[in-house]
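**Student:** Chain by chain, the residues:
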Amino acid sequence: MSVQEALRVALAALTANRLRSALSMLGILIGVAAVILLVAVGNGASISISSQVQQLGSNLIVIFPANQQSGGVSQGFGTARTLTAEDAQALDDPSNAPDVFAVMPVTTVEVTMQHQEQNWVTTLSGATEDYAQMQNRDMSAGWFFTDTEVRSSAKVVVLGQTVVDNLFGGDPAAAIGQSVKIQRQSFRVTGVLASKGTGGLINQDNVAVIPITTSWNYLVGGRRKNISSILVQANDADTVEAAQQEATQILLERRKLSDISEADFQVLSQQSLLQQVRQITGVLTIFLGAIAAISLIVGGIGIMNIMLVTVTERTREIGIRKAIGAKRRDVLLQFLIESMSLAGVGGLLGIVAGVGLSALAASVIGSLSSGSLPPPVVSIPSVVLAFGVSVGIGLFFGIYPANRAARLRPIEALRYE
Amino acid sequence: MIELKAVSKVYRTGQVEVYALRGIDLLVEKGAFVAVMGASGSGKSTLMNIVGCLDLPTSGRYLLDGVDVQELSDNELAEIRNRKIGFVFQSFNLIPRTTSLQNVELPLAYAGLSAERRQRALAALAAVGLENRARHQPSELSGGQQQRVAVARALVTDPSILLADEPTGNLDTEASLEIMRLLVELNQAGRTVVLITHEEDIAGFARRVVRLRDGLIVSDQPQEQKVWAGP
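So the sequences go chain by chain: A and B.
To convert, note that position 151 of the first sequence is 151 in the numbering used here; the numbers rise steadily by one, no gaps.
To convert, take the position in the second sequence, counting from 1, and add 1000; that gives the numbering used here.
Since the hints were derived computationally from the structure, they do not count as laboratory data.
Hints are supplied without guarantee of correctness; some may be wrong.
As the list claims (entries may be wrong) - Non-contacting residues of chain A with respect to chain B, defined by C-beta distances greater than 10 angstroms in every case (computed):
(1) S2
(2) Q89
(3) R224
(4) A290
(5) D330
(6) L368
Stated by the list, open to error - Cut-off 20 angstroms, straight-line C-alpha distance, at most; resulting in silico cross-link-like pairs (SDA-like, lysine to any residue):
(7) A:K181 <-> A:D130
(8) B:K1084 <-> A:G222
(9) B:K1084 <-> A:R328
(10) A:K225 <-> A:T213
(11) B:K1084 <-> A:I411
(12) B:K1030 <-> B:G1190
(13) B:K1084 <-> B:A1032
(14) B:K1005 <-> B:L1063
(15) A:K155 <-> A:I47
Glycine included, C-beta positions come from ideal geometry on N, C-alpha and C.
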């Protein structure tokens, strides 16, 4: 008897008693749905975080002091004493760092900005004219400040949309040319950064940027010429690792150190950040999936149970089949295919349930959290894996009952009532 | 040709030994029509099971067409049951929830055939007069019809031997005669028929009667075959 044939016979047997088949495949169905859903949750978190990290710009390397908390882009780069302006200049040297395209020192501090009667707390960055390009930002109004303004420590500021929302009523054009007060000094607004969305870990619109020289010369604590971080842009995505190594090397030499672990700075590229993120979420996803997989095993036990009952019930039938010429292999195949079909159909239904639930969860989470919680994203490999595993479970847990059926002696089976 | 030499069968149930057969010598030539008779417990079913390769003797030899069945593997025995022997049981033993056609096709499926299967099965059903019940399931057929389907299944692989264990036991008179007529026809076409029955009427259709008592043959007589005189 061919496999195709046996498959038809197995499906006929399953549909003959639909309630029983449905109940026995329930375990597999739930297990597969759970695996797909939980992996989708982990996957969604991973994709969401990755895409946020990617918004930093794929050629970007960030250097910041080592005594800061690492790994979190959301952490503020507080006062830094270990990175200097000279460090930044050394990195900008094409003979030492040929893969470096641009270098930008950055200071970061939280300030209260005032305009007329309105106050707003925002993150103030001191940077160079390369800011917009390095941070991948467009202007929605006005211009970013120029290198002339950096050299002359001009008191100009570029605002993010959230600041404009709170101080100028939301219209970028209305902010241009206006004056805001930072630490009781007046700054002129020269431009507004186009919105990058507020979802996720950091609000990229709640920023203001002034020339770094201005922050050194006019803001509190600036005399020390502190730097919160240095942004380094590599030539292109392929040379990021090379640029990372060159930058690390230059800084180590300046400190007369040989090992990055002894250093007072950290060099992070978007790529290495992404890798870390993927690793962590990967582990999380596998963990969730493994827990869900336990329910698959329970489902398999359920299938084995029901197949044992089926074999016992059909003992007479097995005897008849053997009497008319079925070999052991024929009977084994028949019942194995039946258990695998049971598990397989359960798996397919579980896939439908899992994908459906993920979509439902995505829309519910989307509307409830208005974008700050990452929605589940179904991972196709998890679907294929879950289905394959469910058929495998049908095979594995079906072997014992099928073997018992195959080993029945014909006359004993025929006599069974 | 069926040849039993000093065949015994002993069952052990716990401490008790049951001698179902105590040394049977039997020779059935090709084309014979034998009725095996005896009371309950005489061993006639056990004899049939051994002849049909469903069971093996505890001692003695069973030569089927010259081959000692005890030298055969399980798979070879299954093949014999598939191709050489056709069974008809008292309780029909059709597979439930499958059509007559599928039931009759089954031995051919186990024989590995696929293409001509349907045709041969339909031909077998036609031979027993039930080609218009091909799509019915056993639950939709009368007892007599079910047994006829069983006969069709028994002969679909064109076996040389037909073994019938009380084939008319669950049938009324009319259906019984139908079945016996079929068996007589099949015998006349050249097949060996061995029939177990406890009814003298039915045994009358055979040309030889073997009587068993307590596991031994007590008589083995040829007889005049009853001539079919029906409508």
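**Student:** Give a verdict on every hint.
**Tutor:** Evaluation of the provided hints:
In this structure A:S2 is not separated from chain B by more than 10 angstroms, as the shortest Cβ-Cβ distance comes to only about 7 angstroms. No Cβ of chain B approaches the Cβ of A:Q89 within 10 angstroms, the least distance being about 83 angstroms, so the stated non-interface status holds. With a least CB separation of 89 angstroms from chain B, A:R224 remains clear of the 10 angstroms interface cut-off, as annotated. The claim that A:A290 lies off the interface holds: its Cβ sits roughly 40 angstroms from the closest Cβ of chain B, which is beyond the 10 angstroms cut-off.
The claim that A:D330 is not at the interface with chain B is violated, since a C-beta of that chain comes within 10 angstroms of its own (minimum 6 angstroms). Every C-beta of chain B lies more than 10 angstroms from that of A:L368, the closest at about 50 angstroms, which supports listing it as non-interface. About 24 angstroms separates the Cα atoms of A:K181 and A:D130, which puts this hinted pair outside 20 angstroms; it is violated. Distance hint between B:K1084 and A:G222 is unfulfilled; the C-alpha atoms sit about 104 angstroms from each other, more than 20 angstroms.
Distance restraint check for B:K1084 and A:R328: the Cα-Cα separation of roughly 18 angstroms lies within the 20 angstroms cut-off, and the hinted pair is therefore satisfied. For the proposed pair A:K225 and A:T213, the alpha carbon gap of about 9 angstroms is at most 20 angstroms, so the pair holds. Restraint check: the Cα-Cα separation between B:K1084 and A:I411 comes to about 18 angstroms, which is no more than 20 angstroms; the hinted pair holds. A threshold of 20 angstroms between alpha carbons decides the hint, and for B:K1030 with B:G1190 the separation of about 8 angstroms falls inside it, so the pair holds.
Among the hinted pairs, B:K1084 with B:A1032 is consistent with the structure: their alpha-carbon atoms are about 15 angstroms apart, no more than 20 angstroms. With a CA separation close to 8 angstroms, the supplied pair B:K1005 and B:L1063 stays within the 20 angstroms bound. In summary, the hint linking A:K155 to A:I47 is not supported, as the alpha carbons are separated by about 40 angstroms, beyond the 20 angstroms threshold.
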